[in-house]
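So the chains spell out like this:
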Amino acid sequence: DTAVSQTPKYLVTQMGNDKSIKCEQNLGHDTMYWYKQDSKKFLKIMFSYNNKELIINETVPNRFSPKSPDKAHLNLHINSLELGDSAVYFCASSQDRGAAQGAYAEAFFGQGTRLTVV
Amino acid sequence: AQSVTQLDSHVSVSEGTPVLLRCNYSSSYSPSLFWYVQHPNKGLQLLLKYTSAATLVKGINGFEAEFKKSETSFHLTKPSAHMSDAAEYFCVVSDRNQGGKLIFGQGTELSVKP
Numbered sequence: 298d299t300a301v302s303q304t305p306k307y308l309v310t311q312m313g314n315d316k317s318i319k320c321e322q323n324l325g326h327d328t329m330y331w332y333k334q335d336s337k338k339f340l341k342i343m344f345s346y347n348n349k350e351l352i353i354n355e356t357v358p359n360r361f362s363p364k365s366p367d368k369a370h371l372n373l374h375i376n377s378l379e380l381g382d383s384a385v386y387f388c389a390s391s392q393d394r395g396a397a398q399g400a401y402a403e404a405f406f407g408q409g410t411r412l413t414v415v
Numbered sequence: 401a402q403s404v405t406q407l408d409s410h411v412s413v414s415e416g417t418p419v420l421l422r423c424n425y426s427s428s429y430s431p432s433l434f435w436y437v438q439h440p441n442k443g444l445q446l447l448l449k450y451t452s453a454a455t456l457v458k459g460i461n462g463f464e465a466e467f468k469k470s471e472t473s474f475h476l477t478k479p480s481a482h483m484s485d486a487a488e489y490f491c492v493v494s495d496r497n498q499g500g501k502l503i504f505g506q507g508t509e510l511s512v513k514p
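Those sequence lines, one after another, are chains C and X.
Residues in the first sequence are numbered from 298 upward in steps of one, following the numbering used here.
Residues in the second sequence are numbered from 401 upward in steps of one, following the numbering used here.
Rather than coming from a laboratory, the hints here were simulated on the basis of the structure.
Quantities reported herein were computed from a predicted structural model and do not represent experimental measurements.
All C-beta atoms, glycine included, are put in the ideal place defined by N, C-alpha and C.
There's no promise every hint is true.
As the list claims (entries may be wrong) - When the alpha-carbon atoms are kept at most 20 Å apart in a straight line, the in silico EDC-like pairs for lysine to aspartate or glutamate are as follows: (1) C:K306 x C:E321; (2) X:K449 x X:E488; (3) X:K442 x C:E403; (4) X:K442 x C:E321; (5) C:K341 x X:E488.
Stated by the list, open to error - Label-pair restraints from in silico Cβ distances: (6) X:G462 x C:I352: 33 to 39 Å; (7) X:Q445 x C:S336: 17 to 23 Å; (8) C:N348 x X:G416: 47 to 53 Å; (9) X:P514 x C:N323: 35 to 41 Å; (10) C:G313 x X:E471: 46 to 52 Å; (11) C:Y307 x X:G416: 42 to 48 Å; (12) C:M312 x X:Q506: 27 to 33 Å; (13) C:S377 x X:Q445: 31 to 37 Å; (14) X:K442 x C:G381: 22 to 28 Å; (15) X:S484 x C:E379: 36 to 42 Å; (16) X:K469 x C:E379: 41 to 47 Å.
Claimed, not checked - What the simulated footprint calls covered on chain X by chain C, stretch by stretch (three residues with Cβ under 8 Å from a Cβ of chain C suffice, anywhere in the stretch; the number is not a length): (17) 444 to 450; (18) 492 to 502.
Can you make the complete structure from the sequences, with help from the hints?
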């Protein structure tokens, strides 16, 4: 009974293609994220959605477009893939508990999608 | 701006000896701090968290961390390393003013020798 699940786990595709990664969480959280892990294992946020509303967009090329059909799902669509897009993409979710309780709780991560662009 | 710095990119210990992974943070307000672990080709798992309650935080698998405001540190320790502890460890701060986004340190790779 996976809390945060993303598909596919592996994705190999050619330059110029368009691909999507799907993410679903069953934790009832109201905030979801996409993080990118590069070849040096450094992790950086790409997007964040709260109740289907985009709240963070960290200078990501507009070839990347997140979509949140409901608060349990956050998908990532990538157009015109480039070699430099090769990375591991992680979906995560957390719950906004408000300022009184230290704001956001810890994030729960999916298993990652390893994208290889050839 | 919030940030974290992991002072060692790689730490190697022998099985049964103590583990110390060092992390310093920078924050303009009382931070929420976390340690996550990533085993090879796996996702990220939360080890422990500090959210302004007790300064000594106990986590899973025998790990603990101590929040020291005067030193702006949040070092991760374990009394006795196990082979299964070999992994990448990330010190993380949460930015509550930016939708709870996590800001990751550079990571410390822990190797455990038999």
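Evaluated hints:
1. C:K306 x C:E321: Holds. K306 (chain C) to E321 (chain C) sits at ~13 Å (cutoff 20 Å).
2. X:K449 x X:E488: holds (17 Å)
3. X:K442 x C:E403: Roughly 18 Å between the alpha carbons, so the hint for K442 (chain X) and E403 (chain C) holds.
4. X:K442 x C:E321: holds (18 Å)
5. C:K341 x X:E488: holds (16 Å)
6. X:G462 x C:I352: 33 to 39 Å: holds (36 Å)
7. X:Q445 x C:S336: 17 to 23 Å: holds (21 Å)
8. C:N348 x X:G416: 47 to 53 Å: holds (48 Å)
9. X:P514 x C:N323: 35 to 41 Å: Since the Cβ atoms of P514 (chain X) and N323 (chain C) sit about 39 Å apart, the hinted range of 35 to 41 Å holds.
10. C:G313 x X:E471: 46 to 52 Å: The hint (46 to 52 Å, Cβ to Cβ) holds, given that G313 (chain C) and E471 (chain X) are roughly 50 Å apart.
11. C:Y307 x X:G416: 42 to 48 Å: At roughly 36 Å between Cβ atoms, G416 (chain X) and Y307 (chain C) fall outside 42 to 48 Å, so the hint is violated.
12. C:M312 x X:Q506: 27 to 33 Å: Cβ of M312 (chain C) to Cβ of Q506 (chain X): about 29 Å, so the range 27 to 33 Å holds.
13. C:S377 x X:Q445: 31 to 37 Å: Roughly 34 Å apart at Cβ, these two residues keep to the hinted range, so it holds.
14. X:K442 x C:G381: 22 to 28 Å: At 24 Å between Cβs, range holds.
15. X:S484 x C:E379: 36 to 42 Å: holds (37 Å)
16. X:K469 x C:E379: 41 to 47 Å: Holds - the Cβ-Cβ distance for K469 (chain X) and E379 (chain C), about 44 Å, lies within 41 to 47 Å.
17. 444 to 450: holds (count 4)
18. 492 to 502: holds (count 7)
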